[in-house]
Amino acid sequence: MLEVTDLVVRYGPVQAVSDMRLTAAPGRITLVLGANGAGKTTTLRTICGLQRAVSGTVTLNGKDILGLSPSRIVRLGVAMVPEGRRVFAPLTVEDNLRLGGYTASRQDNDRTMAEVYEMFPILHERRSGVSGLLSGGEQQMLAFGRALMSQAQTILMDEPSMGLAPAIVDSVLESARGIADSGKAVLMVEQNAEAGLEVANDVVVVSRGEVVYQGSVEGARKNPELVRAFLGDAALTDD
Amino acid sequence: MYRSKKHRLGVAAVGLSAVLTLAACSSGDSEDTAATAEATEEVVVEESAAEEDTTQEEAEAAEETCVLPPGDIKVVSIDSMTGPAAFAGILTEEGADLALKEINASGLLGDGVTMSIELLDDGTSGDEAAAQFSKAAKDPDVPVIMGPILSSAAVVTSPIAEKEQVPVIYTQAGSPGVVIGDYTFRYTPSMDTYWGSVGSYIEEKGIKTMSVLYANDNATLINTAENAVPALAADLGFEILSSTGLPSSTQDFKAPISKILKEDPDAVAIMMVGAQNATVISQMRESGWESPKELLGFAGIENNLADIGEAAKGLTWASIFHVDSPSESTQKFVAAVKAEYGVDAANYHAERYDATYLVANSILAACSTDRQAIRDAMADLTNGSISGALGDVSFENQDARVSGFVVQWDGEKMVVLK
Amino acid sequence: MVQDLLNATTLASIYILFALGMSLVWGTIGILNFAHGSIFMFSAFVAYLVVQQIPLGMPAVVAIAMVSGALIAVAMQYLVFQPIMKKAKNPHAGELQLVIGGIGLSAIPISFAQRSTLSNPFGFSGGSFETQVYTIGGVIITNVMIIILIAGLGLGVGTALWIRNSKKGLALRALGVDPEVSAMMGIDRPKLALATMLYSGALAGLAGALLTYYFNSITSESGDTLLLKAFAVIILGGVGSIFGVILGSFILAFAEFGVLLYTDGSWVTAVSFGLLFLILIIRPQGILGKKEVRRT
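First to last, the sequence lines map onto chains A, B and C. All the letters of the first sequence, read from the start, carry residue numbers 1 to 239 under my numbering. All the letters of the second sequence, read from the start, carry residue numbers 1001 to 1418 under my numbering. All the letters of the third sequence, read from the start, carry residue numbers 2001 to 2296 under my numbering.
Check the hints yourself; a few may be wrong.
What the hints assert, rightly or not - Quick list of simulated restraints, FRET-style, between CB atoms:
1) Tyr2262(C) - Glu1162(B): 42 to 50 Å
2) Thr1209(B) - Val2133(C): 55 to 63 Å
3) Lys1135(B) - Thr2263(C): 29 to 37 Å
4) Lys1293(B) - Pro2190(C): 51 to 59 Å
5) His2092(C) - Glu1162(B): 32 to 40 Å
6) Pro1159(B) - Leu2079(C): 45 to 53 Å
7) Gly1342(B) - Glu2130(C): 31 to 39 Å
8) Gly2154(C) - Glu1412(B): 56 to 64 Å
9) His124(A) - Lys2086(C): 34 to 42 Å
10) Val2133(C) - Glu1203(B): 54 to 62 Å
11) His2092(C) - Asp1141(B): 47 to 55 Å
12) Pro2190(C) - Gly219(A): 41 to 49 Å
13) Ala2093(C) - Ser1134(B): 47 to 55 Å
14) Ser1116(B) - Thr2263(C): 49 to 57 Å
Keep in mind the hints are simulated off the structure, nothing from the lab. Built from N, CA and C at the ideal position, the CB exists for glycine as well.
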């Protein structure tokens, strides 16, 4: 269980995140929605140690992890699927996966790699190829697989559908659902509210760095103001 | 690397050009001083100016009649006290200080009249030296300037001296284009004028063919390799099989040595810069170059041989200064340097020691601190032969000429042959 | 002919020894270390100072130079490069600052050595090592050449294989591609960077000692000359490729050797840097460098 409370992050004088609070629980996808510049990506980067916070707490299973180095946080069980996928383009698919398992044991790596290949057969097919030549959707699968290799129980996903063809978005988000169903806690930031809500369990809506809604997807859909301002018509027609 | 290769190369280019510039400075300047002359057979150490020396009659006469106003006469010296040429600059100024000490102690310039040097460090930078020189030349209170030792600086400062009409006396600064007119004097003979003194050795050993290896970015060495060597060849009738100019950044000489070995000359003349000389000679030896095959060097090369010692044994060249000169006056000068600094006198000491005396005697002869009067007196004094720390020095168009003598490396140090 | 090939291969091994550490640091932790040449020089200089007092043999001299190089490199990383990287607003500004920082840093040991030696050449003549010359079938080889060949080729191939096959090697390659994502993978960049600088410094020290034995004496400025050669080697072979360093060293050494063998020598600099520009124009990523590949 990952819990963020009263998190405040500043870039110089600019307050990027104020009083952020959210929770990610095993088996569930927590979707963070909000306009550009709402502080969603900053929140994820702060959780995994890439950004310093001014105040607040981030706990993983009750243990405070705020302020630890990224490499320490991975070892504690939080892995990141970064925005834009950011696979190691000149390296092979398999090398990318091995890097994902950098902190894990050899046995875990062997086992998880087999699982990842089973989940994404295309990665197995292309395992010796240069990852930069994969399609966008395949690279996203690789980024998922890479995060799984770390053995982390909490996976942060930053805009997994970004830049993907509409036909592929659904299958990528289905994969995210599958990851949560396997018992992982997934914290997902997504611009594509429509697609994100399809797979999420909980929603956190942020506006200008502040949380304006936190609760279940169903609850969010029943809040007309929220729907109009943040979720778009999709939420209504779906309900 | 993949993220931003173009950018990185751009950044690299900035750094590269900076380093290229640094490398160009250091290689361009340091070797002049390393490669250029050294000197002396006879030195006159005059505690009381010119009492015994017949060549300094004018000065003596002037001393009797001239009364300079009491006070300190300050001349400016621009020298390389830091940077790659500092090894020469420091010794040069030691020579000047010794001469000054003697001049002031003896009262050469008259009662209550002293001479001092305002020393400006150019940091082995030609640009810095030129800027300092320009400033000093424009200051009417500066009667005479002791010029920078870097050739690259001197070729820039000489035109300034001519324009501002300030007499300047150089030591080192051995390249062409330094002594260019009425106001420029040089107390270090340029190497091409005496390199050929090794000719007696060449004849004695019956050398008929020679290959030459020289630094092609050093004015003094280029001048010697491309003019003095062919002139001597024409004179003595030996053949130059090849003349290879290499940049002073060259570190490995196996390829040119391989080429020379195929030509199979009787002798190889080596005129490289600094550590290069040690590398060439040791690599020649490793390739089997032994007596009766000969190695010829050049004045100053002895400073580069410490690390190869025995390998350089038999290397022969013409020198103009040696501490073991039988001349009484050289021995007195050498003893004075030893007493003052606890070291063996170097050519740099001797040249500037003599040049400093020339400045003092010119002031005395002019009986004035007026630039024009000093210049005229200096021109007069250098018209004949001057006996000083460098022995008998004559001047050709205000540029020193000394006949060299043959020296050889005995495995540990250089010794005078015969 | 065999003699010339052997001599050119020795020169290539020298370039490998020098360029290896520089390429590794540049290609992995992204520091184009313009102070590499001064680490090289100063390690040899420290060994020279010791040898002036105690007549040591080659193993001790090499060890002193390697330890000195490693310590200097680690100090540079810890005191200068790491703070610069930490403070840089963005990676690109950081790179330029690192280059400028390196150039500035290099001036310190060089000036120190210049002052101390009065810019005279220095070498290990105070030590007990003697160069031995062997003639095998008309080909001349010295014990120093044998050591340089073994060290250069052995460390070159060994490092390349280690980078290609080991887990830490993979982490270093990842760092060269994307330091931030590497951190997300749990790669401890500061620690690896320090270790890489240490290795690179030790290599520079090794090169410094062996080259001083080979050339018999070097000067305070010798490192700068080699720095330019190493730069050409790395660009020729491809930034980030250790096999590229080996290939680039051979190309440069054989090109220089050929030019010196068949011309009067004035072309040698033009040819080596001509090669560099040719590569930059027709194949900017270097011969073994991988082209930027990315589909999104």
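Hints, one by one, checked against the model:
| no. | hint | result |
| --- | --- | --- |
| 1 | Tyr2262(C) - Glu1162(B): 42 to 50 Å | holds (45 Å) |
| 2 | Thr1209(B) - Val2133(C): 55 to 63 Å | violated (25 Å) |
| 3 | Lys1135(B) - Thr2263(C): 29 to 37 Å | violated (45 Å) |
| 4 | Lys1293(B) - Pro2190(C): 51 to 59 Å | holds (58 Å) |
| 5 | His2092(C) - Glu1162(B): 32 to 40 Å | violated (50 Å) |
| 6 | Pro1159(B) - Leu2079(C): 45 to 53 Å | holds (46 Å) |
| 7 | Gly1342(B) - Glu2130(C): 31 to 39 Å | holds (32 Å) |
| 8 | Gly2154(C) - Glu1412(B): 56 to 64 Å | violated (37 Å) |
| 9 | His124(A) - Lys2086(C): 34 to 42 Å | holds (40 Å) |
| 10 | Val2133(C) - Glu1203(B): 54 to 62 Å | violated (32 Å) |
| 11 | His2092(C) - Asp1141(B): 47 to 55 Å | holds (53 Å) |
| 12 | Pro2190(C) - Gly219(A): 41 to 49 Å | holds (45 Å) |
| 13 | Ala2093(C) - Ser1134(B): 47 to 55 Å | violated (38 Å) |
| 14 | Ser1116(B) - Thr2263(C): 49 to 57 Å | holds (53 Å) |
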